Every structure is written in structure tokens, then in C-alpha cells.
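Generate the whole structure from the sequences, applying the supplied hints.
Take a look at the letters that make up each chain.
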Amino acid sequence: MEDTIQMNDTIQAVVTEAEAQVTVQQTSIEVQPKKKSQSENVSASIEVTGISMVAIFLFMFVFFLAIKALDRYFPGK
Amino acid sequence: MGIEFSQLFPAIAGFTWQHFVMIAVGGILIYLAIAKEYEPTLLLPMGFGAILVNIPWSSALEIAGAHGIEPGVLQVFFNAGIMTEIFPLLIFIAIGAMIDFSPLFRNPFLLIFGAAAQFGIFATLILATLLGYDLKEAASIGIIGAADGPTSIFVSSLFAKNLMGPISVAAYSYMALVPIIQPPIIKALTSQSERKIRMNQFGDNNKKVSKVALILFPITVTIIAGLIAPVSLALIGFLMFGNLIRECGVLNKLSLAAQNELASLVTILLGITIASTMTAERFVTIDTVKIIGLGLIAFVFDTFGGVMCAKLINVFMPKGKKINPMIGACGISAFPMSARVVHSMGQKEDKQNFLLMPAISVNVGGQIGSVVAGGLILALIPLFA
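Residue numbers (numbering that gives the first Met the number 0), protein chains in the order written: chain A, 0 to 76; chain B, 0 to 384.
Derived from the structure by calculation, the hints contain no laboratory data. There are no misleading hints in this set.
Dumping the calculated DMTMM-like pairs for lysine to aspartate or glutamate here, alpha-carbon to alpha-carbon at most 20 Å:
1. A/K76 with B/D99
2. B/K347 with B/E193
3. B/K206 with A/D70
4. B/K321 with B/D349
5. B/K207 with A/D70
6. A/K67 with B/D99
7. B/K210 with A/D70
8. A/K35 with B/D133
The model shown is predicted, which means the values in this text are computed figures rather than measured ones.
As C-alpha cells, then:
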């Protein structure tokens with residue numbers, strides 16, 4: 000009788016572990032990001048290009064203003 | 000006895016034609032460094048490192064220790080210096096200590112070309128995705144167009160570690176080849192009369208720049224860049240920190256150490272460590288050929304962007320105030336080669352045409368532009384990838 004109970008416990012433990020592994024696998028499958036297709040990458044690269052080029056010019060304009068301000072308030076002698 | 004040849008001489012037994020190709024590549028890099036003086040501080044350690052890691056069973060990469068296979072010294076350097084981004088960032092301190100921003104204060108308008116000449120990075124990014132690379136890999140390849148080795152290494156160490164070897168080789172080789180790459184493109188895009196335009200009217204090249212302004216500039220740039228794109232702070236912040244050491248006037252010994260000893264030591268470590276990625280299995284691939292080709296395209300489009308921006312501005316400029324479009328090409332970060340190239344091209348057309356000072360201003364703007372471009376890529380790519 001004790002042997003049967005122990006065996007049931009072992010089977011239960013194995014089943015629980017297996018279920019846990021399945022859950023972990025499912026979770027990891029859900030977490031895996033979907034690989035983008037080539038056309039998605041190309042359109043993303045065009046978007047990045049547009050935003051970046053505008054942003055670089057803006058950065059440079061802000062640096063230009065900073066230089067002008069520094070030069071105005073701290074002129075060289 | 001039962002001992003086989005492969006056990007006695009595992010390196011010879013494991014030697015393949017790919018290893019031979021890589022040792023030849025290492026030899027070529029050493030030749031270019033010594034005979035042609037193309038970026039010798041980096042290409043020589045990279046060349047020697049390429050030989051070091053392409054002898055099968057090289058203990059520089061892996062060693063059989065008590066607990067199985069353990070990382071060799073180059074792998075340890077890679078994990079400690081590149082994976083953590085420490086080496087490229089230390090180089091940024093050194094570069095910052097070398098940059099003099101006073102030419103920009105004399106001609107601040109010329110900063111615009113430092114932006115325009117980053118076009119090659121993004122044109123190449125699009126081309127690389129068209130060739131099938133994913134966004135992160137394409138960005139790492141595109142950043143070769145920053146014409147700034149440490150920025151290329153920094154970005155590729157975050158986005159495409161597997162491509163670091165060819166990206167670094169392409170970035171540093173093309174930087175050294177600027178005097179060969181840029182002139183034919185500039186000539187093709189400009190007329191002789193455009194190349195003869197003098198820039199005497201532009202800025203005051205003898206203007207004194209205040210010490211306080213030069214001290215406040217790196218701090219201001221760091222705060223502005225940090226507020227707009229905090230992810231770029233490591234890149235821009237370390238560059239500006241190096242510059243602050245230079246300009247503060249109380250850390251002269253430290254500034255000289257950053258410009259000389261720090262730069263030399265870290266460059267040696269950086270070069271030989273990057274070589275650990277140049278193993279035959281990784282390097283002798285079609286990807287390497289594609290990356291070398293795309294790198295060249297990046298430099299071509301950089302030059303195109305800078306020159307065409309100047310030509311566009313000239314459309315709105317009155318006669319006598321026009322810009323020599325050649326100086327747009329100096330918007331790449333390769334300092335001071337690009338400025339020298341444009342100056343000598345101007346002198347060829349007209350012995351009395353002195354373009355060096357405005358060209359240097361544009362070149363310094365390009366150094367800022369390339370780091371800003373790197374920072375933007377770091378900020379934007381994860382949002383789209």
C-alpha cells in the first residue's frame with residue numbers, strides 16, 4: 000500500500016514537472032520576438048533614415064545655437 | 000605506440016585553406032600598416048592578431064584547462080573590453096582630448112556639412128537591408144560610413160558582434176584610403192569653376208575664441224545630447240569628457256596622457272582584441288566581401304551627401320558668397336585627412352585658393368556629426384528592430 004502511494008507521488012511529481020516544462024516552453028515561445036521579413040526591415044530602415052537625417056540636422060542646429068550663444072556671452076579677447 | 004600525427008601536431012593537421020587565407024589577410028594588413036602607413040596603430044595589431052587566431056588550436060583564443068576548455072587571453076580581453084564597451088569608450092576620451100573645437104567657433108555655420116555627410120551611413124543601412132541583413136546588422140554595416148573607427152566598433156559590439164571583424168577592417172581601411180576614395184567622387188560632382196570658388200568671405204579664421212566658451216562647449220553638448228537622446232550619452236559624453244580635460248587648462252598632464260599613452264595602449268588592445276573575431280570560420284565568408292563593398296559605398300555616399308548639400312546651399316546664396324562645394328566632403332569624420340585632401344584639390348585648381356581653415360571647421364563638425372549619428376542609431380534601431 001505504501002509502495003503504491005509512493006509510486007503515485009512520484010508519478011504526480013513527474014507529471015507536475017513535465018507540465019511546468021511545457022508551460023516554460025510555451026512562455027519562451029511567446030517571448031521569442033518574431034523575426035522580421037526583408038520588406039519589413041527595408042521599410043524600417045527607410046524610416047530610421049528619415050528620422051535620423053532630420054534629427055542630425057536638428058542636433059547640429061542646436062549646437063550651432065549653443066556656439067553662437069557661448070560666443071556672444073563669452074567673446075574671445 | 001598508437002600516437003597519431005594529428006595528436007602530435009594538431010595545428011598542422013587542422014590547418015585548412017581558410018586559415019591560410021586569413022594569415023594572408025593578416026600579412027596584408029601588416030604590410031599596409033608598415034609600408035603604406037595606413038592607420039598603423041590599429042591595422043598592425045589587427046593584422047598580427049589575425050595570424051595569432053588563425054593557427055588551429057591557438058591558445059590565444061581557447062586553452063584546455065583543468066575544467067575543460069577555458070577562454071584564452073584574447074577571449075578574456077574581448078569579454079572584458081569589447082563586450083563591456085570599455086575599450087571603445089576609453090578611445091573616445093583620447094579622441095576628445097585630441098579635438099580642438101575652436102575652428103567650429105570661427106565658422107559655426109559649417110556644422111551643417113557635418114550632418115549632410117552622414118548620409119552614407121543611412122544609404123548603406125537601406126542597401127544592407129535590401130541585401131537581406133536584419134536591421135541591427137545593417138545598422139552596424141552602415142555605421143562604417145561614420146568614418147570613425149571607435150563609433151563603428153561601439154555600435155557593432157552592441158548590435159552585431161559576429162560582424163565586428165570585417166566592419167572594423169573596412170572602417171579603418173577606408174579611413175586610411177580617404178585620399179584615394181574622395182577625389183574622384185568630388186571631381187565627378189563638381190565643375191572646375193566650382194572647385195575654384197574661394198572661401199575668404201567665410202568666417203574669421205584669425206578670430207580668438209574664449210577659453211570659457213571652449214570649456215562650456217563640451218558640457219553644453221553633453222547636456223543637450225543627453226536630454227534629447229540619453230542612450231547616446233556614453234558615446235558623446237566620453238568624447239566631451241576627453242575634450243573637457245583638454246580645454247580646462249588644469250589637467251595638461253592628463254590631457255597629454257589621454258592623447259598619447261591612453262590612445263596608444265587602448266588602440267593596441269582594441270586592435271588585437273578585434274582580431275579575435277577574425278577567425279577563418281567567421282571571416283572567410285561572402286558576408287565579409289559584402290561588408291567591404293558596402294563600406295566603400297558608405298564612404299562614397301558620405302562624400303556625395305556633403306558635396307550635394309553645399310551645391311544646394313549655393314542655389315540660395317548670392318554671387319560672391321557661394322561656398323566651394325568640395326568642403327562639403329570634409330563632413331566625414333576622417334580628421335584631418337579629408338580637410339587636407341580638399342585643400343590640395345583646391346590648390347591644384349588655383350594656387351591662391353586656401354581652403355584648409357574652412358575645411359578643418361567642416362571636418363571637426365563631421366567628428367561631432369558621426370558621434371551624433373552613432374547615438375541616434377543606438378537610440379532608434381531597438382525601436383524598429
